[in-house]
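K.L.:
Chains A and B, in that order, are what the protein sequence lines are. Everything in the first sequence is counted per this note's numbering, starting at 1 for the first residue and increasing by one. Everything in the second sequence is counted per this note's numbering, starting at 1 for the first residue and increasing by one.
Be careful, since some hints might not be right.
As the list claims (entries may be wrong) - Derived lysine-lysine pairs resembling DSBU-like cross-links, with alpha carbons at most 35 Å apart:
1. B:108 x B:44
2. B:108 x A:42
3. B:44 x A:42
4. A:42 x B:112
5. A:75 x B:44
6. A:75 x A:42
7. B:44 x B:112
Unchecked claim - Per the computed footprint, the stretches of chain A lying under chain B, defined by three or more beta-carbons under 8 Å from a beta-carbon of chain B, are:
8. 22–30
9. 38–47
10. 109–115
As the list claims (entries may be wrong) - A few chain B residues that don't get close to chain A, going by computed Cβ distances all over 10 Å:
11. 28
12. 55
13. 67
The hints are simulated quantities; they were obtained by calculation from the structure and are not laboratory data. Beta carbons are placed, not taken as given, at the ideal position from N, Cα and C, and that holds for glycine.
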Amino acid sequence: VQLVESGGRLVQPGGSLRLSCAASGFTFDNYWMSWIRQAPGKGLEWVANIRQDGIGRYHLDSVQGRFGVSRDNTKNLLFLQMNSLRVEDTAVYYCARIHHVDFTDEGFDYWGRGTLVTVSS
Amino acid sequence: DIVMTQSPRSLPVTPGEPASISCRSSQSLLASNGNIYLDWYVQKSGRSPQLLIYLASNRASGVPDRFSGSGSGTDFTLRISRVEAEDVGVYYCMQALRTPWTFGQGTKVEIK
Numbered sequence: 001v002q003l004v005e006s007g008g009r010l011v012q013p014g015g016s017l018r019l020s021c022a023a024s025g026f027t028f029d030n031y032w033m034s035w036i037r038q039a040p041g042k043g044l045e046w047v048a049n050i051r052q053d054g055i056g057r058y059h060l061d062s063v064q065g066r067f068g069v070s071r072d073n074t075k076n077l078l079f080l081q082m083n084s085l086r087v088e089d090t091a092v093y094y095c096a097r098i099h100h101v102d103f104t105d106e107g108f109d110y111w112g113r114g115t116l117v118t119v120s121s
Numbered sequence: 001d002i003v004m005t006q007s008p009r010s011l012p013v014t015p016g017e018p019a020s021i022s023c024r025s026s027q028s029l030l031a032s033n034g035n036i037y038l039d040w041y042v043q044k045s046g047r048s049p050q051l052l053i054y055l056a057s058n059r060a061s062g063v064p065d066r067f068s069g070s071g072s073g074t075d076f077t078l079r080i081s082r083v084e085a086e087d088v089g090v091y092y093c094m095q096a097l098r099t100p101w102t103f104g105q106g107t108k109v110e111i112k
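In isolation and in its complexed conformation, chain B is listed as follows:
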């Protein structure tokens, strides 16, 4: 199975400041078709998860442009250019290259 490792596990942030979360996979997520099968999700308190970034760097529909994803192979980053109070929640990376699809442990983003 592909193991996904996120850091940090907890991220206190200041509104208006940037923030970033790292995700590492135990195997390359680059497929033969050129796609990188890495997604980012956020789960806000009491809610279902929602897709933020797909195929490593593409924002999902309706996601603010302050969110961006980057990376290739095994190392990936989710960046928030200027954190807003509504961004608090738990962020997960997930690989969809090979079943079982696997998630990182999650990073809890909270306001300082």
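Chain A with its partners taken away, still in its complex shape:
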């Protein structure tokens, strides 16, 4: 299993960014996927989950309406569209596979290395 994020960079407040996560080594469309972020020197914060079909989506309240998780199952890609970025969105953004076990989906069993998003003027 491999998850490789890309797309992070320096962006001004109010700007937009699209993060990508390339998945390999497993059957991508069998799994829920997720984005988690970590501000510099801080703890972990869940951002969004997306169901296998791409229709079921859940977002953190503070990003709802600004961020949108999506996926392309034909290309094994996960995305995070980030609009109206704020300074407080500065973080390393991790892509993760949601752990499927015993007929349930919970937690994250594989993580990417992350991509840094810096929002600053």
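Please arrange chain B on chain A, whose structure you already have, making use of the hints.
P.N.:
For chain B alone, kept in the frame of chain A given last:
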């Protein structure tokens, strides 16, 4: 939102000695299917987090058996039976019962 509270925030440990970290949730993490949706992760310096324990008490693949998880309802514990130098890092609990999935603040484990 379910609030996760860990203690202690910092844990100096002696190699070979046991260690434990506590995690408390503001609501029960027991689901109607009988699963307890509590995970433990460790993040070693400069690395991505990795899953240690899932559904409160199950070791993830490849995790040494010196790690164990216990608890039910709202109180949970991660135990390391004999700490090794490689166990240093920040440990997080996380609830996956209800979105937003929420993490504890983290416990930094370091060698004395």
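K.L.:
Work down the list of hints and note, for each, if the structure agrees.
P.N.:
Cross-check of the supplied hints:
| no. | hint | result |
| --- | --- | --- |
| 1 | B:108 x B:44 | holds, 10 Å |
| 2 | B:108 x A:42 | holds, 12 Å |
| 3 | B:44 x A:42 | holds, 14 Å |
| 4 | A:42 x B:112 | holds, 23 Å |
| 5 | A:75 x B:44 | holds, 31 Å |
| 6 | A:75 x A:42 | holds, 33 Å |
| 7 | B:44 x B:112 | holds, 17 Å |
| 8 | 22–30 | violated (count 0) |
| 9 | 38–47 | holds (count 4) |
| 10 | 109–115 | holds (count 5) |
| 11 | 28 | holds, 15 Å |
| 12 | 55 | violated, 7 Å |
| 13 | 67 | holds, 15 Å |
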